[in-house]
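Engineer: What follows is the residue order along each chain.
There are 2 protein chains.
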Amino acid sequence: MIEETSKENIDRRIQMAAEAYQFLKNTTVKERAAFMNAVADKIEALGEKLLTTANAETSLPLARLTGEKTRTTGQWRSYAKAIATGTYTEPRIDLAQPDKQKGDIRKYNVGIGPVVVFGASNFPFAFSTAGGDTASAIGAGCPVIVKAHPAHSETSQMMADAITDAVTAFGWPEGIFSHITGTSYEIGTYLTQHPDIRAVAFTGSFNGGKALFDIANRRENPIPVFAEMGSINPVFALPDLLENKAEAFAKEYLSSLTLGVGQFCTNPGVCIALKGESLDRFIITLKKEIQEVVPAKMLHKGIYENFEKHKTRAAEQPEVHIIAAADTEINEWQARTMVIKTSARNFIKNPVLNEEVFGPFGIIVICETRDEMVEIAQQLKGQLTITVAATDEDIRKHFMLINFLKDKCGRLLFNGMPTGVEVVYAMQHGGPFPSTTDSRFTSVGPDAVKRFIRPISFQNWPDEFLPEELKNENPLQISRIVDGKVNSGSLKLQTT
Amino acid sequence: MIEETSKENIDRRIQMAAEAYQFLKNTTVKERAAFMNAVADKIEALGEKLLTTANAETSLPLARLTGEKTRTTGQWRSYAKAIATGTYTEPRIDLAQPDKQKGDIRKYNVGIGPVVVFGASNFPFAFSTAGGDTASAIGAGCPVIVKAHPAHSETSQMMADAITDAVTAFGWPEGIFSHITGTSYEIGTYLTQHPDIRAVAFTGSFNGGKALFDIANRRENPIPVFAEMGSINPVFALPDLLENKAEAFAKEYLSSLTLGVGQFCTNPGVCIALKGESLDRFIITLKKEIQEVVPAKMLHKGIYENFEKHKTRAAEQPEVHIIAAADTEINEWQARTMVIKTSARNFIKNPVLNEEVFGPFGIIVICETRDEMVEIAQQLKGQLTITVAATDEDIRKHFMLINFLKDKCGRLLFNGMPTGVEVVYAMQHGGPFPSTTDSRFTSVGPDAVKRFIRPISFQNWPDEFLPEELKNENPLQISRIVDGKVNSGSLKLQTT
Numbered sequence: 001m002i003e004e005t006s007k008e009n010i011d012r013r014i015q016m017a018a019e020a021y022q023f024l025k026n027t028t029v030k031e032r033a034a035f036m037n038a039v040a041d042k043i044e045a046l047g048e049k050l051l052t053t054a055n056a057e058t059s060l061p062l063a064r065l066t067g068e069k070t071r072t073t074g075q076w077r078s079y080a081k082a083i084a085t086g087t088y089t090e091p092r093i094d095l096a097q098p099d100k101q102k103g104d105i106r107k108y109n110v111g112i113g114p115v116v117v118f119g120a121s122n123f124p125f126a127f128s129t130a131g132g133d134t135a136s137a138i139g140a141g142c143p144v145i146v147k148a149h150p151a152h153s154e155t156s157q158m159m160a161d162a163i164t165d166a167v168t169a170f171g172w173p174e175g176i177f178s179h180i181t182g183t184s185y186e187i188g189t190y191l192t193q194h195p196d197i198r199a200v201a202f203t204g205s206f207n208g209g210k211a212l213f214d215i216a217n218r219r220e221n222p223i224p225v226f227a228e229m230g231s232i233n234p235v236f237a238l239p240d241l242l243e244n245k246a247e248a249f250a251k252e253y254l255s256s257l258t259l260g261v262g263q264f265c266t267n268p269g270v271c272i273a274l275k276g277e278s279l280d281r282f283i284i285t286l287k288k289e290i291q292e293v294v295p296a297k298m299l300h301k302g303i304y305e306n307f308e309k310h311k312t313r314a315a316e317q318p319e320v321h322i323i324a325a326a327d328t329e330i331n332e333w334q335a336r337t338m339v340i341k342t343s344a345r346n347f348i349k350n351p352v353l354n355e356e357v358f359g360p361f362g363i364i365v366i367c368e369t370r371d372e373m374v375e376i377a378q379q380l381k382g383q384l385t386i387t388v389a390a391t392d393e394d395i396r397k398h399f400m401l402i403n404f405l406k407d408k409c410g411r412l413l414f415n416g417m418p419t420g421v422e423v424v425y426a427m428q429h430g431g432p433f434p435s436t437t438d439s440r441f442t443s444v445g446p447d448a449v450k451r452f453i454r455p456i457s458f459q460n461w462p463d464e465f466l467p468e469e470l471k472n473e474n475p476l477q478i479s480r481i482v483d484g485k486v487n488s489g490s491l492k493l494q495t496t
Numbered sequence: 497m498i499e500e501t502s503k504e505n506i507d508r509r510i511q512m513a514a515e516a517y518q519f520l521k522n523t524t525v526k527e528r529a530a531f532m533n534a535v536a537d538k539i540e541a542l543g544e545k546l547l548t549t550a551n552a553e554t555s556l557p558l559a560r561l562t563g564e565k566t567r568t569t570g571q572w573r574s575y576a577k578a579i580a581t582g583t584y585t586e587p588r589i590d591l592a593q594p595d596k597q598k599g600d601i602r603k604y605n606v607g608i609g610p611v612v613v614f615g616a617s618n619f620p621f622a623f624s625t626a627g628g629d630t631a632s633a634i635g636a637g638c639p640v641i642v643k644a645h646p647a648h649s650e651t652s653q654m655m656a657d658a659i660t661d662a663v664t665a666f667g668w669p670e671g672i673f674s675h676i677t678g679t680s681y682e683i684g685t686y687l688t689q690h691p692d693i694r695a696v697a698f699t700g701s702f703n704g705g706k707a708l709f710d711i712a713n714r715r716e717n718p719i720p721v722f723a724e725m726g727s728i729n730p731v732f733a734l735p736d737l738l739e740n741k742a743e744a745f746a747k748e749y750l751s752s753l754t755l756g757v758g759q760f761c762t763n764p765g766v767c768i769a770l771k772g773e774s775l776d777r778f779i780i781t782l783k784k785e786i787q788e789v790v791p792a793k794m795l796h797k798g799i800y801e802n803f804e805k806h807k808t809r810a811a812e813q814p815e816v817h818i819i820a821a822a823d824t825e826i827n828e829w830q831a832r833t834m835v836i837k838t839s840a841r842n843f844i845k846n847p848v849l850n851e852e853v854f855g856p857f858g859i860i861v862i863c864e865t866r867d868e869m870v871e872i873a874q875q876l877k878g879q880l881t882i883t884v885a886a887t888d889e890d891i892r893k894h895f896m897l898i899n900f901l902k903d904k905c906g907r908l909l910f911n912g913m914p915t916g917v918e919v920v921y922a923m924q925h926g927g928p929f930p931s932t933t934d935s936r937f938t939s940v941g942p943d944a945v946k947r948f949i950r951p952i953s954f955q956n957w958p959d960e961f962l963p964e965e966l967k968n969e970n971p972l973q974i975s976r977i978v979d980g981k982v983n984s985g986s987l988k989l990q991t992t
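Order-wise, the sequence lines are chains A and B. Residue 347 in my numbering is what sits at position 347 of the first sequence, and the numbering runs on without skipping anything. Count along the second sequence from 1, then add 496; that gives the number in my numbering.
The shape of chain A in the complex, shown without the other chains (with noise of 0.2 Å):
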């Protein structure tokens, strides 16, 4: 049973939240980043408890958890590595100029305001509570108000306590950091409708992102929501690389979109193909193979039933032919991998088709000429990742087709599969409407920290009174934009 926090105690901790703002725009980035691993530490301590306790409320292995524990606190590690360095804030100083009458000018970012963290069901560390959204506002410099979510509330609740614990070790204000449980929509909703609310973050479906978006642009105030909300993955598979390697590819394929029962955001829910001896081979190879899928228990009732709502739904629509289902025997939750197929003239047609089914279902789509797979790329809405199963050979004669799919997506691959997502700079998680409700950012990554800022200039300021990373003598020894040029070290100005 899962208390609902009371819409007193939300008000009070949005207060105290405002309030901790005034002080956490303050600190600098090297008192954050050191809160960030001090945040990291606390999690390492929760040690073997925080595993068991995911486990049994996730149905997640042991393994997966131990690897996404690492990843978690590694998320805390290197976006406060990043923010140190003062990348983030971005200080741009334009020196006075006084024989052109321009005055001083020095800008930087500071945290946006109190953010909203929705925590995600399918990755109870690195997308929730103690996830990379938190960690990216905390480092933004914005307090955080955490929704938990209900289907591991216990290990929420034992990463809120890390956080809590390291900001009791900080001395910090308490409402830099707040844990909400509840399972009523309308939590959801009185937080992003708070005025004193400056910022959403969200990962789960189309449909609750969306509902968050259009609630925080029709405030008084409007607020931005970034919700990732789900993606097809569609996997391009190039004739070339298809007569060379349909067997093997068809494994691979296979592989990544049963990977952790298919519940990855990155899933590669649709193959694209020419018709063709070697799309055939791919076919009867994935037949077989998926007979072999060991079954999983999915992570919660509502997924699983999701699941078999939405792939039966597909399957049953017209002109659809099931290739392969599998027809073990099942326990509670543990969802049946189903692969189908469809023509490209019906995949374009039909809606339902292009939809997420979250969970280790895929779409194999026949396409008869080139022409219709280019005609695919260019009405595909928004993804996440866009692969592209090809030879060297096959990107030299696809050009048009790899130039619209840029378009289309956050990442596109050259082979290898779209699940797993790396901890790095380079890594855009997010893509065009809809797979998420902002394309200009990403929710994995030090990157990450751009969506909770603001910049601020100030105009002829005494260097007493501006912040650390803008006064002349660069105390904090940051890379700096000075007079266009990058500069990391401190200005000499002559005293006037």
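Derived by calculation from the structure, the hints in this document are not laboratory data. Heads up, a few of these hints could be off.
Stated by the list, open to error - No more than 27 Å apart at the CA atoms, straight line, and that leaves these computed lysine-lysine pairs for BS3-like: (1) K406/A with K598/B; (2) K946/B with K450/A; (3) K747/B with K893/B; (4) K946/B with K521/B; (5) K967/B with K397/A.
This one's a predicted model, so the numbers in the text were calculated from it and none came from an experiment.
Please build the complex by placing chain B on the supplied structure of chain A, with the hints as guidance.
Structural biologist: Showing chain B alone in chain A's frame:
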């Protein structure tokens, strides 16, 4: 008589823009920078004719227009210079680590797609057809469709021809730049709703900007709208400064308030101060000096009528007293400057007094206590600028006030006046809602480019197919972040 571009022609131009985007997104930063410098040359070549045309259309003096023309070509050239460095493509490369099964991931920013720019009336060059929005969008790699401001249609056409000439000279697709004319609101709605448009930039009224913002968010595929919608640009005159410089400050304030007939979005429409003998001296000086203001014609009839209407409405509010109103006999559309005063309590409770009056109109807000100043700071809506007229001693005594003011503006001045927006890296021209729709971006300075880009990651792509910005050799010799460290060199990788 202004011709209305037909729906058919608008559709055709947007189609051309979408096609031109496929070309423009594959140009390098160096190529776009060269193009932008060519546009600056073409604008310069318009010579005296541009100035006399704009003078006849806007009533702005030739001296002002000469300065604005220099500023405008300076925008094209300085943004070109910034773009050529690769700063805004933000290349990030994380090399493969085969032992960790981690692939090669490379990210850079591309133009977001075709952008609609709405010209503003008060800057016929710098914020209109060939203004900063157009320059920064093209620099980002986005084709531009300008909706010309009808108040200076001939000027706009000359600027459009200059850009088109540059497109022709470069042999680039015609769709890179389009010029749409008309006076109906429907054109703006139609452009903002068009599915091939990817972003909108607007400078003008709150009603106009907010309407576009709402339309864009209600699209099936929402897009960002960067609307700069005005501001009352409060000036907080602190006690020590006022005690020492009441008369000089009054002259400086009035001079900024009436500059360009008050037709600047950074016009300091409100001055907040503590009651007392110093403030009395400030008011007496204002009263005297206002009679010396030389009357001048406003931009057009609509602006003049709006000014008269809103000025009168504000002056007729309860508990408001007129300090001084210019009684000069006026010619057609000549603005009569007015300054009123009211109490802090009345200012806080009456929203009419918090609305921008576009023109030479100021409100002096008289506080009983320092706490009232802080209360005003907390209640203020978002502003483009806030100015603190103060001594160092004042700043030390008003930490809380300054801290709250940082949350309410994009640019915070220490003395001086907010009119005059330098085109430099450190400029933030954009503030919290409702001064703009997105406080995270600026519309002045090279950082304006950031509004029109989005990141894309390439995973495991062969070097030959990567954009120049991301190739191992670094042919553009730009600064990149490689494995987390700044690197301007080429990458020597072992062939695998």
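Engineer: Determine for every hint whether it applies to the structure shown.
Structural biologist: Hint by hint, here is what the structure shows:
1. With a C-alpha separation of about 22 Å, the suggested pair K406/A and K598/B falls inside the 27 Å cut-off, and the hint holds.
2. A threshold of 27 Å between alpha carbons decides the hint, and for K946/B with K450/A the separation of about 12 Å falls inside it, so the pair holds.
3. At roughly 25 Å between alpha-carbon atoms, K747/B and K893/B fall within 27 Å of each other, so this suggested pair holds.
4. At roughly 15 Å between alpha-carbon atoms, K946/B and K521/B fall within 27 Å of each other, so this suggested pair holds.
5. A threshold of 27 Å between alpha carbons decides the hint, and for K967/B with K397/A the separation of about 20 Å falls inside it, so the pair holds.
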